[in-house]
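Colleague: So the chains spell out like this:
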Amino acid sequence: MRIPQNWSVRIGASVLALLLVLAVLAPWLGTVDPTLFDAASRDLRPGESGEILTLEGETLRHTFLMGSDSFGRDIYSRVLYGTRVSLAVGIASAAAALAIGVVLGLLAGYLRWLDGPLMRVMDGIMAIPAVLIAIALVALWRASLPTVIVAIAIPEIPRVTRLVRALVLSIREEPYVEAAVALGTPAGKIMFGHILPNTVAPLLVQGTYICAFAILLESILSFLGVGLPPDIPTWGNIMAEGRVQFVAYPHNVFFPGVFLAATVLAVNILGDGLRDTLDPKMAKRV
Amino acid sequence: MQFAIWMGQLLSGDLGQSYYFRIDVATLIAQRLEPTFALAALTILVAVLVSIPLGVLAAWRFGGWFDRALMGFSVMGFSVPVFVLAYLLIWLMSLKLGWLPVQGYVRFSEDFLLFLKHLILPSITLSVIYIALIARVTRASVLEALGEDYIRTARAKGLPELRVLVRHALANAAVPIATVIGIGIALLIGGVVVTESVYAIPGLGRLTVDAVLARDFPTIQGVILFFSFVYVAINLLIDVSYVFLDPRIRY
Chain D
1 MRIPQNWSVR
11 IGASVLALLL
21 VLAVLAPWLG
31 TVDPTLFDAA
41 SRDLRPGESG
51 EILTLEGETL
61 RHTFLMGSDS
71 FGRDIYSRVL
81 YGTRVSLAVG
91 IASAAAALAI
101 GVVLGLLAGY
111 LRWLDGPLMR
121 VMDGIMAIPA
131 VLIAIALVAL
141 WRASLPTVIV
151 AIAIPEIPRV
161 TRLVRALVLS
171 IREEPYVEAA
181 VALGTPAGKI
191 MFGHILPNTV
201 APLLVQGTYI
211 CAFAILLESI
221 LSFLGVGLPP
231 DIPTWGNIMA
241 EGRVQFVAYP
251 HNVFFPGVFL
261 AATVLAVNIL
271 GDGLRDTLDP
281 KMAKRV
Chain B
287 MQFAIWMGQL
297 LSGDLGQSYY
307 FRIDVATLIA
317 QRLEPTFALA
327 ALTILVAVLV
337 SIPLGVLAAW
347 RFGGWFDRAL
357 MGFSVMGFSV
367 PVFVLAYLLI
377 WLMSLKLGWL
387 PVQGYVRFSE
397 DFLLFLKHLI
407 LPSITLSVIY
417 IALIARVTRA
427 SVLEALGEDY
437 IRTARAKGLP
447 ELRVLVRHAL
457 ANAAVPIATV
467 IGIGIALLIG
477 GVVVTESVYA
487 IPGLGRLTVD
497 AVLARDFPTI
507 QGVILFFSFV
517 YVAINLLIDV
527 SYVFLDPRIR
537 Y
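Those protein sequences? They're chains D and B, same order as listed. What the first sequence shows, in our numbering, is residues 1 to 286, in sequence order. What the second sequence shows, in our numbering, is residues 287 to 537, in sequence order.
Pulled out of the complex, with its shape left as it was, chain D reads as follows:
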């Protein structure tokens, strides 16, 4: 694949690639197990060193690059492992919302009798703010990684469905679709073989935005205490634990906050760049 000329794409993709490397290589980047704690190393400032007790009962010397929290856990390790959770939730939620939204959108756009009822249900979901749907679903199901991903994906489905439906309605009038219909091609093959490939570019852009929003929403849920359980190191959880001592030790909130903001920013910039690259007509709009 050729490297896109667009600077937004380059910057966004490089930052994301860097984060992905950090997430994958987390165990080899001078981290300790993010759940390890040591009462002797509580509330250390960034850069201070202290001791940490491993599960085997050994005491290690460890430099706390980003300080430690009120349990004596290493913030640096927690932030790096948190990258894994954020990226996984972002990508999985976007993929889930896209997959379901595409199927529903194709059905609504192609099977006219289904269009009315299906789109009214979608309107109903869109009437409730996304954060509230996610909070309510997590409250209903008890939080774990899969439920959080699904809870974040559901409020995004209507947006994808509407986009795909609108695209299908315009594409189905194209001569090549008419030709396929005239040749007696089955509906399923027309939908997935002829119409779907032509919706890829806008879907890629939309998927990127959903990914950014999902990362944000996951950290909001964790931060409010209704997301992933506190023993999983996520950026939202680290900040939720750090907020109590924010006045004395702002580093607990600062480092995960910077990582979170940088990640979401990178994904958004990538989305803007992809939009401008893939669809020059849309670039003039919002």
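Short, incomplete list of chain B residues facing chain D, as computed with Cβ under 10 Å:
#1 L371
#2 I471
#3 Y517
FYI, nobody ran anything at the bench for these hints, they're computed from the structure. None of these values were measured; they are calculated from a predicted model. C-beta atoms are modelled at their ideal positions from N, C-alpha and C, and glycine is treated no differently.
Using the hints provided, position chain B relative to the given structure of chain D.
Modeller: Just chain B now, kept in the frame of chain D:
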């Protein structure tokens, strides 16, 4: 059947009893309404007053440094999470400068000045993403209006630039701006939940989180229903307001 009973109760104003607070959900919502309403109203006011002039200015100087700075800010505004921004502001304004209280809420009727002081940081926090959204759409729609023939005519007859921008460009861009203000209410409601938690404001957002943590389902249901109702009602009002914003639209 359960749903029918629930709908019947709902229509008679009965949202059920809170498991946790042991009072009617409707009463509970009424009690917590004031702080949230004050915060949301102030936020909308700040956001609209700031973002529309910024958007017009950016469209007027399209491609200039101000335009690029505003678009940069707008991407930032979408990306920085509400609570990270909140802590940044608390750290700067309350801890370093000591100008404003860290958190809490004072009732409107108790002390108006303190009430405002406690709301300044939360509403700035909340308005950033809203400003980013409205400014973007204002810029885009004013930009589109500026390309029209009537703008050239207005300029040609020697109208002052400000009048051209406001009376001709902005007035014709009003409908999309009103629409996005309505859509942004959803963002605002999401933001209220987080902001009230950070600043310890005893409003509906805080109630939502408390209810979820206590697994108090009647309250969760009631609050979500209430928020969705407000969101839909505001958007309906905005749809109706198109008639005033654009005389061509008739229902």
